[in-house]
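Q: Could you slot chain R onto chain E? The hints should help.
Chain by chain, the residues run as shown.
Number of protein chains: 2
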Amino acid sequence: MIYEEIRISFEELKSQFKRVLLKERFIEEQAGLLSQVFAENNLSGKESHGLNRFPGFIDSVRKGFVKKNVEPEKISGLNAVEQWDGKSGAGPVNAILCTERAIELAKEFGLGCVALRNTNHWMCGGTYGWKAAEAGFALISWTNAIPLMPPWGSDEPKLGNNPLVIAIPREEGHIVLDIAMTQYSYGQLEMLKLRNNNTEFDAGFDSQGHLTKDPLEVIKTKRALPIGLWKGSGLSLVLDLLAAMLSGGNSAYQIGAQNVETNVSQIFIAFDISSPEIKEHALKIINGTIEDLHSSKQIDSSMIYYPGETSGRKRKEYLKDGIPLNPTQWKQLLEM
Amino acid sequence: MIYEEIRISFEELKSQFKRVLLKERFIEEQAGLLSQVFAENNLSGKESHGLNRFPGFIDSVRKGFVKKNVEPEKISGLNAVEQWDGKSGAGPVNAILCTERAIELAKEFGLGCVALRNTNHWMCGGTYGWKAAEAGFALISWTNAIPLMPPWGSDEPKLGNNPLVIAIPREEGHIVLDIAMTQYSYGQLEMLKLRNNNTEFDAGFDSQGHLTKDPLEVIKTKRALPIGLWKGSGLSLVLDLLAAMLSGGNSAYQIGAQNVETNVSQIFIAFDISSPEIKEHALKIINGTIEDLHSSKQIDSSMIYYPGETSGRKRKEYLKDGIPLNPTQWKQLLEM
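So the sequence lines, in the order shown, correspond to chains E and R.
The numbers in the numbering used here rise by one with no breaks, and the one at position 266 of the first sequence is 266.
The numbers in the numbering used here rise by one with no breaks, and the one at position 78 of the second sequence is 78.
Bound conformation, chain E alone (with noise of 0.2 Å):
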């Protein structure tokens, strides 16, 4: 934090976004879902989609770019897969909708496939896999994107960043993988070079070639670097491949050629762990692991944490303690 932090709570949080939200013009529903998934977000401990965002969300509605209190509608459904149009509506509602439609075909079918099109960005991907955990079904879901990453090979953004998420229910706390497929986010690079910080590790490439952990370089190439170098040059392409075939929606290239980001497509894949087959091995072998996983031996004395684990010590923490907020940006919600 470069600035001192004040707390908030989740409820007073939750209250001015939905203020905003009805200022807006959206309805009672919809600001109370928005309001729910931007504070939990805060919540969760991922500023960089919560108030943050916030005001940036406005503005996109202004613009037209996010249609205010539109629903998804289903186009078509080959019973455990369904195509849905999000109807360029709020990306957070239509994930909502679609996590828990993808939860109804799982309790049908065993695994249901809502693949949706024409949405808006969902702001943090863990939202709808802590919401699939709650309801205690695991979850595959990714979004594609407008590209920003260069393939394996190539100094031109053609690939999205393309978060994928997995969620496995536990008891004990949910765990919930929320990877984007660039090592560094661009986000992330910005505040960095703010402070005149480096990256921990490799970020990309300089305008030599040559792998940096200098953000404005990497900023300045456009060559941020895939997870796994080829390896998430590719995953992404066939993530965003999927999507917007399942869908019938957009691709990458076709979302780079709107220069905005808008009607990208998604997938939630939801699985029954509910079953005498499954639910009893499964606590097993998700507790052992995780014990195991906590015993591993520490180097430099840094906890290992499985995916997700401090998201949810935040979300208890800041329940309890008030969330910290940047009080710019919360003097500037209150003034919204």
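There are no misleading hints in this set.
Each pair may be met inside one copy or between any two copies, as identical chains are not told apart.
Here are the computed lysine-lysine pairs in the DSS-like style, where the Cα-Cα straight-line distance is at most 25 Å:
1) 279 - 107
2) 107 - 74
3) 284 - 87
4) 74 - 279
No lab work stands behind these hints: they were computed from the structure.
Being a predicted model, the structure only gives us computed values, none of them experimental.
A: Chain R alone, transformed into the frame defined by chain E:
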């Protein structure tokens, strides 16, 4: 290549594999299927899991880790999700049959998931992606494995390299991603060590805890780098958990406790993309995306490939001109 390679036809290689398998008392059907998979791995340029691996496979059969002539058995099913027991049978036999079963489920439900337990090493994961793509289906599939990679923040191997396969059918050449969770496999590191070569990018940590390209150091410290660092560490963990949970099979820590890599867990999720709502649009966006990718500005005049493109080219070339093989390994096969 460090040897003068010879060229052997696909049919000749396959028939030699089959001869040995029949001599080992595999039944006709399994010998046919296994010889096809091993020969196809060489055909696709995946030398590490073709002829190179065959004597080790036969050894596992003789030692009894891989059971001959058993077939996977359906344990339970919930519509589009089924649990199968591989009964410690030959990995490629189980994986081919479960890919086929996932395709059958996808025909019925739109998508289908087979969760397989108690199976053995599937050799090259791409095989099952190609299989599904040839049948016109998209596939997401992965396996867990014996621990060989430390979780992020530890130097104790707890995670498998858990290859993830994503395949998308395409008439002009299937798109098949096949990525392990380590940036470089121990097989690759061993080969580079023999030649006194370093990896091109960081491969792991040395004994001082610094990143290194020296394969010998990584083999000593056992700190191979996950793809995307902490991200691949988390991805390996959740893939392992899902595979073990859904199949009712072993998780990585249980496989590790066996001290030998057997009775692993695998997932096969097939997607029916033949419906009119999906097919026409899919063709357009796949071709548009691949064109866009191939048009990317190249650095170092290196080609920009989609996942599986190189394998697809090798398959065509090697079918015509024969498969390049290590003459010593070929001679050993003839003498088996």
